[in-house]
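Chemist: So the chains spell out like this:
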Amino acid sequence: MEKTWNNKAWFMVLPVLLLVAFSAVIPLMTVVNYSVQDTFGNNVFFWNGSDWFTEILESERFWLSMVRNLIFSFIILAIEVPLGIFIALNMPKKGWGVPVCLVLMALPLLIPWNVVGTIWQVFGRIDIGLLGYTLSALGFDYNYVNDPTDAWVTVILMDVWHWTSLVVLLCYAGLVSIPDAYYQAAKIDGASRWAIFRYIQLPKMNRVLLIAVLLRFMDSFMIYTEPFVVTGGGPGNSTTFLSIDLVKIAIGQFDLGPAAAMSIIYFLIILLLSWVFYTVMTNVDAER
Amino acid sequence: MSGANERTTRQDRVNEAVSDELASTLSQDQIARLMRRRGEESKFWWLVPTIYIIFLMLPIYWLVNMSFKTNQEILGAFSLWPKNPTIANYMVIFTDPSWYKGYINSIIYVVMNMVISVSVALPAAYAFSRYRFLGDKHLFFWLLTNRMAPPAVFALPFFQLYSAFGLIDTHIAVALAHCLFNVPLAVWILEGFMSGVPKEIDETAYIDGYSFPRFFLKIFMPLIASGVGVACFFCFMFSWVELLIARTLTTTAAKPIAAIMTRTVSASGLDWGVLAAAGVLTILPGALVIWFVRNYIAKGFALGRV
Numbered sequence: 038m039e040k041t042w043n044n045k046a047w048f049m050v051l052p053v054l055l056l057v058a059f060s061a062v063i064p065l066m067t068v069v070n071y072s073v074q075d076t077f078g079n080n081v082f083f084w085n086g087s088d089w090f091t092e093i094l095e096s097e098r099f100w101l102s103m104v105r106n107l108i109f110s111f112i113i114l115a116i117e118v119p120l121g122i123f124i125a126l127n128m129p130k131k132g133w134g135v136p137v138c139l140v141l142m143a144l145p146l147l148i149p150w151n152v153v154g155t156i157w158q159v160f161g162r163i164d165i166g167l168l169g170y171t172l173s174a175l176g177f178d179y180n181y182v183n184d185p186t187d188a189w190v191t192v193i194l195m196d197v198w199h200w201t202s203l204v205v206l207l208c209y210a211g212l213v214s215i216p217d218a219y220y221q222a223a224k225i226d227g228a229s230r231w232a233i234f235r236y237i238q239l240p241k242m243n244r245v246l247l248i249a250v251l252l253r254f255m256d257s258f259m260i261y262t263e264p265f266v267v268t269g270g271g272p273g274n275s276t277t278f279l280s281i282d283l284v285k286i287a288i289g290q291f292d293l294g295p296a297a298a299m300s301i302i303y304f305l306i307i308l309l310l311s312w313v314f315y316t317v318m319t320n321v322d323a324e325r
Numbered sequence: 079m080s081g082a083n084e085r086t087t088r089q090d091r092v093n094e095a096v097s098d099e100l101a102s103t104l105s106q107d108q109i110a111r112l113m114r115r116r117g118e119e120s121k122f123w124w125l126v127p128t129i130y131i132i133f134l135m136l137p138i139y140w141l142v143n144m145s146f147k148t149n150q151e152i153l154g155a156f157s158l159w160p161k162n163p164t165i166a167n168y169m170v171i172f173t174d175p176s177w178y179k180g181y182i183n184s185i186i187y188v189v190m191n192m193v194i195s196v197s198v199a200l201p202a203a204y205a206f207s208r209y210r211f212l213g214d215k216h217l218f219f220w221l222l223t224n225r226m227a228p229p230a231v232f233a234l235p236f237f238q239l240y241s242a243f244g245l246i247d248t249h250i251a252v253a254l255a256h257c258l259f260n261v262p263l264a265v266w267i268l269e270g271f272m273s274g275v276p277k278e279i280d281e282t283a284y285i286d287g288y289s290f291p292r293f294f295l296k297i298f299m300p301l302i303a304s305g306v307g308v309a310c311f312f313c314f315m316f317s318w319v320e321l322l323i324a325r326t327l328t329t330t331a332a333k334p335i336a337a338i339m340t341r342t343v344s345a346s347g348l349d350w351g352v353l354a355a356a357g358v359l360t361i362l363p364g365a366l367v368i369w370f371v372r373n374y375i376a377k378g379f380a381l382g383r384v
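Protein chains in written order, with this note's numbering: chain A, 38 to 325; chain B, 79 to 384.
By construction, these hints were calculated from the structure, which means they are not laboratory data.
One or more of the hints may lead you astray.
[To be verified] Okay, the calculated bits of chain B under chain A, using three or more residues with CB under 8 angstroms as the criterion: (1) 160-171; (2) 185-193; (3) 224-233; (4) 236-250; (5) 286-300; (6) 314-321; (7) 350-360.
Source: prediction; values computed, not measured.
Every residue gets a Cβ at the ideal spot worked out from N, C-alpha and C, and that includes glycine.
Start from the sequences and build out the full structure, keeping to the hints where you can.
Modeler: What follows is the structure, encoded as structure tokens:
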């Protein structure tokens, strides 16, 4: 759409600007302050330069959380995206099944995150949970409290349960926007199921898929509540992701300096990723 | 056997059809029909969504199942459904103010946040969808980064900021804090929906002598009503499911139900039945509101642009 140049539009954006500045810029400034200062208590702070940043960047703990988080993000993307596409392709196209499927599939998205954690914590317990009890009854040595592998499996399964529907909904929205004429043309050409998917459905879904991949990556990169409730970051540190580690340092140990430095590094990574997201999105829009 | 009979007759019919069609010259219409028949999807398409929905419902079923059991039954015998269904767990929640107030608190700050977010996002989204202005793209990007900001980064600074204003443990504090990610989201969704309304409508209205506020309320709002509904839904959703910030900013008077759950569990020695009942009750509001936006929910997740 052709947009007119009008700087008065700033007045319409002003409320948003003030509100977000209050809830984002001021807190961020506090974080920046803490990241370059040290204290011995009594609210007396002194300049500390970049010491906290070097401390964090040189600590093994930070990099381990980071690597764990990246591995986690890639595993859930590798499962959720193909699974989501597959389910979306098999969704009913019309009739009473559509609203039923949409509502039931969207349900996990609206459960408070710690309740999601609680549900899976209970579901996976070997004494009272359906999943844990069944697995033990079948002879598997499954215990997410003690075994790091089982803890990972549980957390990943939980995330797949929680968020695959997001990918399904997005792909479904992309699929229903394809006009019928495309399919008719494909049938006249005698296109196979795979060819229809590869040359009609996938290209039409690329935009929503992009949103799905990036949203899922960002959200899994800052996941906190669900694994915290299920495993508490354990056993040991095996499921301690970046956000869990950060909260442990900031609120658990009250090490404000390192926590603030870590927040800033964390935030810069997110900023970089958002920028990639934004650029790719606007480029896709421009191509249309 | 009727099955075998049926199969032979169907086979016959197919043979007949094929020979018929080979015999006569095929019209375009017939070709299209034949193609459609061959390209039809398998009869078992419903299997995939069904299996997926069962996978989604199992953990929820287990929670519902537990909420109707007594603690003895939960910890004692393993059973797929409650042997002696009881609503005692729900009665605990509905009669104890420290429990049901949590729901009221959650609803209050969620609704406050929804109203604030959508009402400030409306003019901003209009500006982004209709005008170009100094720094518009940077501003839009900056808003996006806030949607992507990890709540863990903000938990501590929020606590200090709202302490300084004396707002700790009030509903408005949580509502304002959740604006951090809900306002950008609302702007994005509304901008997507507004861009779908042709600009000619604005121009026609101005020519007809409508003032801007009158045009916005009388003509524009009804056109993007579904967008406003979806934006409200998403604000509701993300404020309802968030816990880290809501828990940090509240102590007792405005404590959300999700936080009360975690606290009571550790205090009362794991009262599984009540915990499950509380969990079930947190799922219900979400289930109710999804129904209203079922046709638009996918479009909303695509930030209003499909």
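Chemist: Hint by hint, note whether the structure agrees.
Modeler: Status of each hint after checking the structure:
1. For a cut-off of 8 angstroms, the count of residues in the stretch 160-171 of chain B with a CB near a CB of chain A stands at 0, and the three-residue condition is violated.
2. As drawn, the stretch 185-193 of chain B meets chain A at 0 residues by the rule of a beta-carbon pair under 8 angstroms; below three, the given contact is violated.
3. Figure legend: the stretch 224-233 of chain B, annotated as covered by chain A; annotation consistent (9 residues with Cβ-Cβ distances under 8 angstroms, at least 3 required).
4. Under the rule that three or more residues need a Cβ within less than 8 angstroms of chain A, the assignment of the stretch 236-250 of chain B holds, with 3 such residues.
5. Judged by the Cβ-Cβ criterion of 8 angstroms, the stretch 286-300 of chain B is not covered by chain A as claimed, because only 0 of its residues qualify and three are needed.
6. With a threshold of 8 angstroms between beta carbons, the proposed coverage of the stretch 314-321 of chain B by chain A holds, since 5 of its residues qualify and at least three are required.
7. With a threshold of 8 angstroms between beta carbons, the proposed coverage of the stretch 350-360 of chain B by chain A holds, since 5 of its residues qualify and at least three are required.
In summary, the numbered hints that this structure violates are 1, 2 and 5.
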